[in-house]
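S.K.: Given the coordinates of chain A, work out where chain B should sit on it, guided by the hints.
There are 2 protein chains.
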Amino acid sequence: MELNNNYKNLQTSYLFSTIAKKVLDYVNENPDKEVIRLGIGDVTKPLCKSVVEALKKASCEMGTQEGFHGYGPEQGYSFLKDEIQKYYYNRKINLKTQEIFISDGAKSDLGNILDIFSKNNKVLIPDPVYPVYVDTNIMDDREIIFLEANQENSFLPIPDKNLKADIAYICSPNNPTGATYNKEQLTTWVNWALENNAIILFDAAYESFVSEDNLPRSIYEIEGAKSCAIEFCSFSKTAGFTGTRCGYTIVPEDLSYGDLSPNKMWLRRQTTKFNGVPYIIQRGAQAVFSENGQKEILENINYYKKNALLIAQTLKKHNIWFTGGINSPYIWLKCPNNMESWEFFNFLLYNIALVGTPGCGFGKNGEGFFRLTSFNTYEATKEAMERLDNLLGDL
Amino acid sequence: MELNNNYKNLQTSYLFSTIAKKVLDYVNENPDKEVIRLGIGDVTKPLCKSVVEALKKASCEMGTQEGFHGYGPEQGYSFLKDEIQKYYYNRKINLKTQEIFISDGAKSDLGNILDIFSKNNKVLIPDPVYPVYVDTNIMDDREIIFLEANQENSFLPIPDKNLKADIAYICSPNNPTGATYNKEQLTTWVNWALENNAIILFDAAYESFVSEDNLPRSIYEIEGAKSCAIEFCSFSKTAGFTGTRCGYTIVPEDLSYGDLSPNKMWLRRQTTKFNGVPYIIQRGAQAVFSENGQKEILENINYYKKNALLIAQTLKKHNIWFTGGINSPYIWLKCPNNMESWEFFNFLLYNIALVGTPGCGFGKNGEGFFRLTSFNTYEATKEAMERLDNLLGDL
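Protein chains in written order, with this note's numbering: chain A, 4 to 398; chain B, 4 to 398.
By construction, these hints were calculated from the structure, which means they are not laboratory data.
If chains are identical, the list can't say which one is meant, so a pair holds when it fits in one copy or spans any two.
Cross-link-like lysine-lysine pairs, in silico, DSBU-like; alpha carbons within 35 Å at most:
1) LYS24 with LYS99
2) LYS11 with LYS125
3) LYS60 with LYS309
4) LYS11 with LYS122
5) LYS367 with LYS267
6) LYS125 with LYS229
7) LYS11 with LYS89
8) LYS25 with LYS267
9) LYS48 with LYS267
10) LYS89 with LYS24
11) LYS11 with LYS99
12) LYS48 with LYS60
13) LYS60 with LYS385
14) LYS267 with LYS122
15) LYS298 with LYS60
16) LYS267 with LYS125
17) LYS308 with LYS60
Chain A with its partners taken away, still in its complex shape (with noise of 0.2 Å):
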């Protein structure tokens, strides 16, 4: 028996681990000091009403003979499929219900995703990145080459005309930086992949974070993408979901290489080797297209949204170069007076107890970088401001 070698190319992060470290540290050292983390990568606030009450709604339903539930289809249940379908019309995209794929997660579906790709193919990914695209192919073996991010081109890299690769990775806004493409720049990213028989995966997991209205929000805003592009979403940052798990992933029918359909294939995958989400949580994201529920998610995106504006605010007032805050939770900043990653996450450490997250963690082009993020408190990250503003000033 012979397991996958390739788990052996897998490099461990220690990243969270270490910070979880140094924190401790810190505290031990500084019992009266109140720390405030600005590092979280989850939602804070509670699920909205109208989701809390269709859980319990389905929950209920679910104990009775003429409401039960058993095996769903694979793909999602038809009034969730619908409400996406709606939610995708409302921005002039026209979506078939049989190309919503309903999911426990976009992390899930992007790394799944791969076992409809052959292994041969050859895989651009942007640098710094979210690490699961990266881990994804190494564990298949697929040839990795990376696309520069950096501050010149603001974090937003678009491949060179004769750059050659089969798939390739856009997360935007983006994780780690929060930086957004425009319509522009996705048009030239599509017309790469179209020219390049390649495929794109659109990670829109941050999508209604998105404030400026020039912005896209989806692949499917751009001409041509539904024949080279496959979309992923989530509710998690939507909607609170990171502990709920519901996201769904778009997987057009145009799509089309050879003779085979990713379309029917991803249905393949699916009805083989996943059982479909819990009846109670697609009832509970169906509730997040209620009047209601679009309400209340709503004030929570707002809320966070006041929080990342007050972090860029107090950037700008410093000149700090940074991108991210205005469509995006993320803030990622240039380190300044030229500090390395762990230097600056030191620096704030140590002299305002403000935890947030070394650039460097998410690969070469991080460093020198630094995210904070809004899904702390208003009261705790204008806090963490003020004493930001003070220590930069004194810089």
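M.R.: Chain B only, in chain A's frame:
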């Protein structure tokens, strides 16, 4: 861009769609006849009270600041893993909590586990069989050899000492045959695996239906199994979770092949491609292990078992050979008068409006056999057996 061409080798199963079409034709021709379905492969009783209460409570929690849960551990919450550990401990099996991985069901994990194995392994699969074992390996282009299950070995095949394979599937109690290995037989399997450096993927999804004392409910009741077997289990059939989605997989730390550890690899696979089972659902699963929960789920299991017994008794009366029914919700019978599977299907449908599943749909050795299930109501099962009794009496 190249797709995974192995998908071209998958066969489309028309089994259940053909059944549906035949039944529809019959109903249209015979609108006055009451059709009884004993082909159902899904539970029909609602979730038990304790589980519903736990789901509702957890839903409410998620709507409060104090009770909200974001990202949980990918491998599952301790509160549920601890219960599973106790569940095994009560059967004299000691597991470490880090050997227990909470999943969204056995089907997902049985498919996804292949990620950690090389494509070069040779796979041993019994015939007839749950089609997922075959299809997931075709997707990866692994060489498959079939182990003949038939009336002669009571559909409980055991590999010859000299048979060479790397990965072997066992499903006991079996889907579709209901046949269940005893301790001696499983010991032979474990010894074969240990001698051949093979790994056993043990599907225990139906373990809670085991009634007879001498039959193992876990492969780990067999000495040496922790060095050669991964076990998959699920709340689907145990507690009616087919639409609620929760299961667990045991990957012992003792498993070791070269310098890679399947336990650590599976942890890495799950933390990279999975985000855990919803908090709410894990709370529901935890309630299965409460005193009331155990009482309530046993009532449901006994309800199905009573149906199975009724079917078994009817077949016995007419000297029809069968397996299952005692330790399984499934009854696998030899079609009387040497009828072929579809012939018997039509015979039952057109004579007594009874629907079952032709055995040939589960592999070539299923030809001439037929599956009945205990998942309908007691009243319908009783009525069906009265009709069958009369029909077989006339044969």
